[in-house]
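Novice: Spelled out from the first residue to the last, the chains are:
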Amino acid sequence: MNNRALLHVLLISLLVVPATIWGQASQGDLSIPATTSAINAAAPLSPRVVHYEIQAKYDARSHILEATELLTYHNLTGQPLDTFPFHLYLNGFQPSATWMREGKREGTRGQDFDSWNPKSYGEEKIEKFEVSGLGDLTSQLQYIHPDDDNQDDRTVIQVRLPKPLAPDAYIQFKIAFRDQFPETLARTGWNRDFVLGGQWFPKVGVWWHGAWNCHQFHAYTEFFADFGVYDVQLTLPSYEVVGATGIEVGDVKNPDGTKTLTYHADDVHDFAWTASPHYKDYYSTFQSSMGPVKIRIMMQPSHWSQAERHARITRETMERFEQWYGPYPYKTLTVVDPEPGSQAYGMEYPTFFTAGTSWFAPQGIREGPEIVVVHEFGHQYWYGMVATNEFEDAWMDEGINQYSEAEVMDSIFGSSTSIMDWLGVTAGEDDGNRIGYIAADDLDPMAWNGWRYADSESYYAVTYGKTAVVLKTLEGLLGQDTMRRAMHTYFLRYRFTHPTKEDFLKTIEEISGQNLEGFFNQAVYGTQVLDYEVFKVTSYPVQWFRGELEETKGQTEYISNVWIHRKGDFVLPVEVEIRFDNGEKVREQWDGRDRWTRYTYQKKAQVVSAEVDPDHKIFLDHDNFNNSYVVKANRGVTRKLANYWTFLTQLFGQLLTWWLV
Amino acid sequence: MLKRTSLIYSGLSVVRRNQRYLFWFYALNLLLGLFASSVWSARTIPPDLGAQILASVGLSSADGDTTGALQHSFYSDKLLHGMDLNVLLELFSRPDLAPLQATSMAMNVFGIVFFLASIGLMPGVLLGYSSDHRISRGEFFRACGTNFWRLVRLLLLFLLIAGAVAGLLLAAGFGLADAVDNAANDDRLPILVQFACLVLTILILTIFRAWFDLAQTDVVLGDQAAVRKSLGTSLRGAWQHFGQLLGCYLAITVAAAIVLVAGILLWNKLVPPGNLGGAFLIGQATLLLLLAMRFWQRATMVAFWERQKLEAVA
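Residue numbers (this note's numbering), protein chains in the order written: chain A, 43 to 703; chain B, 837 to 1150.
Simulated from the structure, these hints should not be mistaken for laboratory data. All C-beta atoms, glycine included, are put in the ideal place defined by N, C-alpha and C. Hints should not be assumed to be uniformly reliable.
[Stated by the list, open to error] Pulled from the structure, derived: some chain A residues nowhere near chain B, Cβ distances all over 12 Å:
hint : residue
1    : 136
2    : 184
3    : 212
4    : 235
5    : 345
6    : 461
7    : 549
8    : 625
9    : 671
10   : 678
11   : 679
12   : 691
13   : 697
14   : 698
[Claimed, not checked] Covered, in the sense of this in silico footprint (three residues per stretch, anywhere, with C-beta under 8 Å from a C-beta of chain A), are these stretches of chain B:
hint : region
15   : 1019-1029
16   : 1074-1088
[As the list claims (entries may be wrong)] Simulated restraints, written as ranges between beta carbons of each label pair:
hint : chain 1 : residue 1 : chain 2 : residue 2 : range
17   : A       : 456       : B       : 1031      : 32 to 40 Å
18   : A       : 686       : B       : 904       : 14 to 22 Å
19   : A       : 297       : B       : 1040      : 32 to 40 Å
20   : B       : 930       : A       : 521       : 30 to 38 Å
21   : B       : 1086      : A       : 686       : 24 to 32 Å
22   : A       : 456       : B       : 1104      : 18 to 26 Å
From just these sequences and the hints, can you work out the full model?
Specialist: Here's what the structure looks like:
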């Protein structure tokens, strides 16, 4: 060992001192460090409830991780606590676990679980559980099942303390645990020689609104945790290229062919890491208003040509989030291009996320890398800093983020080409979100617990699509500036907290100065479907009864009727624009309360068209085709489609004949 | 020894001399394509295949207003003056219309009708190609009638032999690609393996196609009722001139692929989205050329068969 290595060991040991003396700690000595080395701020940004110090050793062959976790918990709940629940997420990947049962029932994230694959097995086993001053409580641990009473589910464990923890007091848990990672499932685990360590350590629940909030792991739900400080030592083979949450503060080579890396993170609520021998690093910088952010892009070698593309979209997204919502306060951001073919694509962790692209990624197809990078970076705000309860209100992270993603993509690539602009085919994000929503628009409300959705289609349609569409509709009704101010206020007010849906909705009402209760009741809390149509349009001469009437444009007087029909059960005031053949336009306002309304005009002109929502503010409408009616048929579109069909039929017939006759 | 270039040019001159067959087949191809797409012009797209076929030939009227939703809505402009994928998806996802399902059925049916018509009419074309004068309608259809079931038997044998070989090759290729995919972290490798396998399969299918084309020519022009005998003779003939025939067929196949890709690119780059006439013309010109390529292969094989016959007599 050379002098430099000795120095590293010394520094590391200073950082992990609490981990080595855990057994001697008494409650009076405990605290959560006020470190700021991983953030561009002089003081802590969050209420630091937890301090995790983890020493872990990963065996890349067996995909087993052995670790000890020292968790210091600060009781900021204002009341004594005598029980503590912990998440053991990796136990979800067992055949009888709730996650797997729901996955089997619905299929989840590309997995259908037709048959059991032993490689899908995951485990998070607590070997020993000790509490400072209270001794070994391993035998006191009990699995609990707060959501579905599945006795075979082992994703939440609870310990009852012999004596309660007083308000404002600290407690320290020392947990020895062993992980068996599955072949990537739900964005954690291994694939070939790659591993993504997500949700891999026993994690304490959140005391929220007077009770512990520690749900079982479900097939669609994500996570919820308190802010704090993380100091993590990872020992793994020395050939691995490793990335993780926070900043790297130590790198020591061990004589057994391994290395020990140490990471530190401030004001985050999770810690994830990845390792693979193949990653190639690409670096960039973003100058935030709080200080420089070092961007590290960990690329697959086969995608290296897309490294700058990843970096560019990351910088452009950070710039917009900073401008619209607020600053990114961390010193690092790690963007991971995960192992091809793995189930590790597109997942967010604090200061770290996985993106996803493929070798075939033309500039005009933006699904990978652009959309996924924008989306996962957005989670640094809507999940990372504004840490909503992802179990209970998935729409508040996924949906709000989906809306922000569309805003960013639209601003960079244009609203009608933000998903695709390739070979003459175009697609925009806002319309894409709407298409996602209308696939399953009336089964579940947005305000619905993640595990209670009817099925996976409804979960994705509502949490992602509907939320984005509802917020885009609000933007249309309130104006983009107002909506931006509302989002900005919401972010600044609730960053580093766990806001509720009411906090979010009230912020919009407050900033817009409008009572939106009726809208929220239908859009957020209800399953009403919005669908307005131009039901009928007629024009006839006032003097129709005269036998030989000669109609002259501009002179003959007509009575015109336009019927507007509210087909859905969602009531929303709408505008209607009626155009006449003399160029005149009339705008009408309809409160939408009745099932239908009729507008009648007597003019020297006939109606040529009628359109509901002529400014296209209401993205919630289920059917856009019936929003307008043009009296004179435009056969161009059916001819165009018929031409495609003719071509394809001829080509199909010819290809069949080419090879068989 | 036959010269490949002369064979290809002989085939080309045969096609040029007998352009009427090409244009008949093209007209049939277009007509069936128009039938399949006519559901877009109907007031509604009927839900079942029988009704669609009747609607396609104008024998049923509908009581809905499917295409009306397209023709009377501003929203459709996104399909006319561009190709907005979201609007197309919304159109296809409407359960009340289900146009994709309906029109796909029509597309399949009329594509297969063209294929069956080709089997029925090809003997007449081969006879015409081998003749130094314009054959009569009677001769044409007599050849078709005489040889129809022979060609069907050859088709079944082709499906059996080429299908098995192609199936095995593709299965092996996909298996290899899967193995590469499991082992390598470079996502380009399995695609390259699949592509290589596909090229190999096309190459082998081209060889089979040349063999069976020669057998069809022998069956029709040699009036050979025992198709297995023709298959054997053709195999020997094709084997003796393997490189020459494969070269001709591959050259024409590559030319056809270039025609198709160039046609689609020209359509995409040159024709504005709303220019229906331009799109129709480029699309049809591409399809006509594509069909001509296949007729060129058939004519080349007729020229080869005739030269072989002459060599045998000499």
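Novice: Are the hints correct? Go through all of them and say.
Specialist: Against the structure, the hints come out as follows:
1. 136: Nearest chain B Cβ is 24 Å from residue 136 of chain A, so the label holds.
2. 184: Nearest chain B Cβ is 41 Å from residue 184 of chain A, so the label holds.
3. 212: Label holds. Min Cβ-Cβ 45 Å, cutoff 12 Å.
4. 235: Per Cβ check, residue 235 of chain A is inside 12 Å of chain B; nearest 7 Å; violated.
5. 345: 8 Å, violated
6. 461: 8 Å, violated
7. 549: The claim holds: residue 549 of chain A sits with its nearest Cβ about 30 Å from chain B, beyond 12 Å.
8. 625: Holds, since 17 Å exceeds 12 Å.
9. 671: The assertion about residue 671 of chain A is violated, with a minimum of 5 Å to chain B.
10. 678: 5 Å, violated
11. 679: About 4 Å separates residue 679 of chain A from the closest Cβ of chain B, which leaves it inside 12 Å; violated.
12. 691: 4 Å, violated
13. 697: Given a closest Cβ separation of 8 Å, the condition is violated.
14. 698: The claim breaks: residue 698 of chain A does not keep its Cβ more than 12 Å from every Cβ of chain B (closest is about 4 Å).
15. 1019-1029: Since three or more residues must qualify, the claim that chain A covers the region 1019-1029 of chain B holds, with 6 doing so at under 8 Å.
16. 1074-1088: violated (count 0)
17. A:456 x B:1031: 32 to 40 Å: 34 Å, holds
18. A:686 x B:904: 14 to 22 Å: Once the Cβ atoms are compared, 19 Å apart, the range 14 to 22 Å for residue 904 of chain B and residue 686 of chain A holds.
19. A:297 x B:1040: 32 to 40 Å: At 57 Å between Cβs, range violated.
20. B:930 x A:521: 30 to 38 Å: With Cβ atoms ~32 Å apart, the hint holds.
21. B:1086 x A:686: 24 to 32 Å: 30 Å, holds
22. A:456 x B:1104: 18 to 26 Å: 19 Å, holds
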